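> Given next are the chains, with one letter for each unit.
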Amino acid sequence: MITFDRVSKRYDEGHDALREINLHIGSEDFVFLTGHSGAGKSTMLRLIMLMDRPTRGQVIVNGQDLAAVRSRGIPKHRRNIGVVFQNHRLLFDRTVFDNVALPLVIAGYEHREIGRRVRAALDKVGLLDREWAMPKALSGGEQQRVGIARAVVGKPRILLADEPTGNLDPTLSAEIMNLFEQFNQVGVTVLIASHDLALISRLRHRIITLKQGYLISGGAQ
Amino acid sequence: MIGRRKTPQRKASARPSRTGLLNQLSGWLQHHRLSAADSLVRVIENPGSSLLTWLVIGIALALPVGLNVALDNVSQVSDGWESPAQISLFLQDGAATEEAQQLASELAEHKDVAGTRFISREEALNEFRELSGFADVLANLQENPLPNLILVTPLVTLDEPAVSALRAELEENSVVAEAVLDMEWLQRLNTLMELSRRIVLAVGGMLVVGVLLILGNTIRLAIENRRDEIVIVKLVGGSNGFVRRPFLYTGLWYGVGGGVLAAILVSSALWFLEDPISDLALLYESAFYLSGLGVMGALNLVILGGLLGLAGAWLAVSRHLVHIEPQ
Ligand SMILES: Nc1ncnc2c1ncn2[C@@H]1O[C@H](COP(=O)(O)OP(=O)(O)OP(=O)(O)O)[C@@H](O)[C@H]1O
Ligand SMILES: [Mg+2]
Numbered sequence: 001m002i003t004f005d006r007v008s009k010r011y012d013e014g015h016d017a018l019r020e021i022n023l024h025i026g027s028e029d030f031v032f033l034t035g036h037s038g039a040g041k042s043t044m045l046r047l048i049m050l051m052d053r054p055t056r057g058q059v060i061v062n063g064q065d066l067a068a069v070r071s072r073g074i075p076k077h078r079r080n081i082g083v084v085f086q087n088h089r090l091l092f093d094r095t096v097f098d099n100v101a102l103p104l105v106i107a108g109y110e111h112r113e114i115g116r117r118v119r120a121a122l123d124k125v126g127l128l129d130r131e132w133a134m135p136k137a138l139s140g141g142e143q144q145r146v147g148i149a150r151a152v153v154g155k156p157r158i159l160l161a162d163e164p165t166g167n168l169d170p171t172l173s174a175e176i177m178n179l180f181e182q183f184n185q186v187g188v189t190v191l192i193a194s195h196d197l198a199l200i201s202r203l204r205h206r207i208i209t210l211k212q213g214y215l216i217s218g219g220a221q
Numbered sequence: 001m002i003g004r005r006k007t008p009q010r011k012a013s014a015r016p017s018r019t020g021l022l023n024q025l026s027g028w029l030q031h032h033r034l035s036a037a038d039s040l041v042r043v044i045e046n047p048g049s050s051l052l053t054w055l056v057i058g059i060a061l062a063l064p065v066g067l068n069v070a071l072d073n074v075s076q077v078s079d080g081w082e083s084p085a086q087i088s089l090f091l092q093d094g095a096a097t098e099e100a101q102q103l104a105s106e107l108a109e110h111k112d113v114a115g116t117r118f119i120s121r122e123e124a125l126n127e128f129r130e131l132s133g134f135a136d137v138l139a140n141l142q143e144n145p146l147p148n149l150i151l152v153t154p155l156v157t158l159d160e161p162a163v164s165a166l167r168a169e170l171e172e173n174s175v176v177a178e179a180v181l182d183m184e185w186l187q188r189l190n191t192l193m194e195l196s197r198r199i200v201l202a203v204g205g206m207l208v209v210g211v212l213l214i215l216g217n218t219i220r221l222a223i224e225n226r227r228d229e230i231v232i233v234k235l236v237g238g239s240n241g242f243v244r245r246p247f248l249y250t251g252l253w254y255g256v257g258g259g260v261l262a263a264i265l266v267s268s269a270l271w272f273l274e275d276p277i278s279d280l281a282l283l284y285e286s287a288f289y290l291s292g293l294g295v296m297g298a299l300n301l302v303i304l305g306g307l308l309g310l311a312g313a314w315l316a317v318s319r320h321l322v323h324i325e326p327q
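Line order of the protein sequences matches chains Y and R. Be aware that the first sequence starts at 1, since it is given in our numbering, and climbs by one per residue. Be aware that the second sequence starts at 1, since it is given in our numbering, and climbs by one per residue.
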């Protein structure tokens, strides 16, 4: 589903964020991506969703070589990937419902269908009763769950999450990880960047470790 | 981007599956409706700044259009004057009044002449006295300085060279001291009109550019205000077209509103001028009436405003939207 072939990323300032990464993540895999701050976790996710391009090497997602995806094709590529951002990235002047509905509106779904799917997604993350709340009125954990609902509402084949449990208490973190596992069980490929080693080592999934841009373990299955 | 109405359930055709072009199309149309409504709500929710934008556009459009309507009216008046060019025959001092009257009726039979009018020197003096207000000065004159005058109206069908030829022919007559063709002022007027039209066109062109820039700037600010939103929409797969749409509609609403205001401004200016002008027309015994903008004219203004709004928004959007990329 996701393949990195000798991928390097050097930022403009000459800093190497990723160095010669080789990696394969199969379809319906559940993989954690870990490493210290600055190891290159977010950079990997950014390359997968084409927020950035590699300096060298090849990234293949869902059989598609991303080098062949021009800027016009980026929106379509992103529609196949659900992303949960570390800082939520919600629209703060829109209701919870509208936030979750955004990917469906973009994809051109019809109204009734949007309502049905958004409620199903909100139900999954336990926020059905907050449908018409504004994001500001929600706690950090609730906002994070709105972000998760938005990421999965379009039924993407790949789900990326960058520090999804960043500032949540252990119980809530475990709940959210459980949610990701449920999505994985219905066939979604899940890749989660996290440095909460205590939590992820308990979950018994494959763990890819980065260190200063090098992949030091978990590259091969 | 997405609608802010809190009722997701709207009357839309029930289509659960979304395969096929038809569904793509209906989704696209739906987003157009949503963007149009959402932009309109945003414009109306800020009545202060929206009204200001509308006024600026309205005034900028009303100015050249109003001037043009005024010019149309003036040329309508001067068209009415154009046909009867007049030749004034100033007669020799020695010519007797009877002789002059005879000449006038003879000339009236001329094949190129529509009619003549004889004005005796006494009549001319009286008229001058009344009109000029120099009655006292004139009373002191020993004798009447004005000559007898025959006003010759050529046939309407004569063109300019033919009228000039007629003037030359009439001047040959021994009784005639001088024949003057009263057409120069008309030519001057026409030249002036042409000049005014070009000035209006140039001013109009500049104002249109101004409107585009103002709209572009307004839309640029709207884009800046919603920067975070644009980034998020792009992150979850919104295309440039999707992001662009609401801003284009915003431009359209500003432009249409400006066009409506311009039509109102021009119409009220004309209404304001109507009474004094019809009074004036009455004084000149003219059947002139002020022709207004008309329904089509007003509609054209609104359409023009809308198109300018779209164009201005397009300018801003194509310059600023591409630079907003998620980091
Ligand atoms: N846009 C950028 N320009 C320049 N350097 C960058 C940029 N983004 C990241 N970097 C650098 O690349 C390296 C990897 O960054 P990255 O964000 O991938 O780390 P991370 O593993 O996600 O860290 P964290 O756990 O703190 O989020 C860091 O040293 C960072 O300073
Ligand atoms: Mg990071």
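You may find that some hints are simply not true.
Computed footprint of chain Y on chain R; a stretch qualifies when at least three of its residues, placed anywhere within it, have a C-beta under 8 angstroms from a C-beta of chain Y [claimed, not checked]:
#1 28-35
#2 46-57
Some chain R residues judged to face chain Y by a derived CB distance under 10 angstroms, without partners named [to be verified]:
#3 ASN23
#4 GLN24
#5 LEU25
#6 GLU178
#7 ASN240
#8 GLY241
#9 PHE242
#10 HIS320
#11 LEU321
#12 PRO326
#13 GLN327
Read the hints as simulated data drawn from the structure, not as lab findings. Source: prediction; values computed, not measured. Glycine residues also receive a C-beta, built at the ideal position from the N, C-alpha and C atoms.
> Determine for every hint whether it applies to the structure shown.
Going through the hints against the structure:
{"no.": "1", "hint": "28-35", "in the structure": "holds (count 4)"}
{"no.": "2", "hint": "46-57", "in the structure": "violated (count 0)"}
{"no.": "3", "hint": "ASN23", "in the structure": "holds, 7 angstroms"}
{"no.": "4", "hint": "GLN24", "in the structure": "holds, 6 angstroms"}
{"no.": "5", "hint": "LEU25", "in the structure": "holds, 9 angstroms"}
{"no.": "6", "hint": "GLU178", "in the structure": "violated, 80 angstroms"}
{"no.": "7", "hint": "ASN240", "in the structure": "holds, 8 angstroms"}
{"no.": "8", "hint": "GLY241", "in the structure": "holds, 9 angstroms"}
{"no.": "9", "hint": "PHE242", "in the structure": "holds, 6 angstroms"}
{"no.": "10", "hint": "HIS320", "in the structure": "violated, 16 angstroms"}
{"no.": "11", "hint": "LEU321", "in the structure": "violated, 13 angstroms"}
{"no.": "12", "hint": "PRO326", "in the structure": "holds, 5 angstroms"}
{"no.": "13", "hint": "GLN327", "in the structure": "holds, 7 angstroms"}
Checked against the numbered hints listed earlier, the structure breaks hints 2, 6, 10 and 11; every other hint is satisfied.
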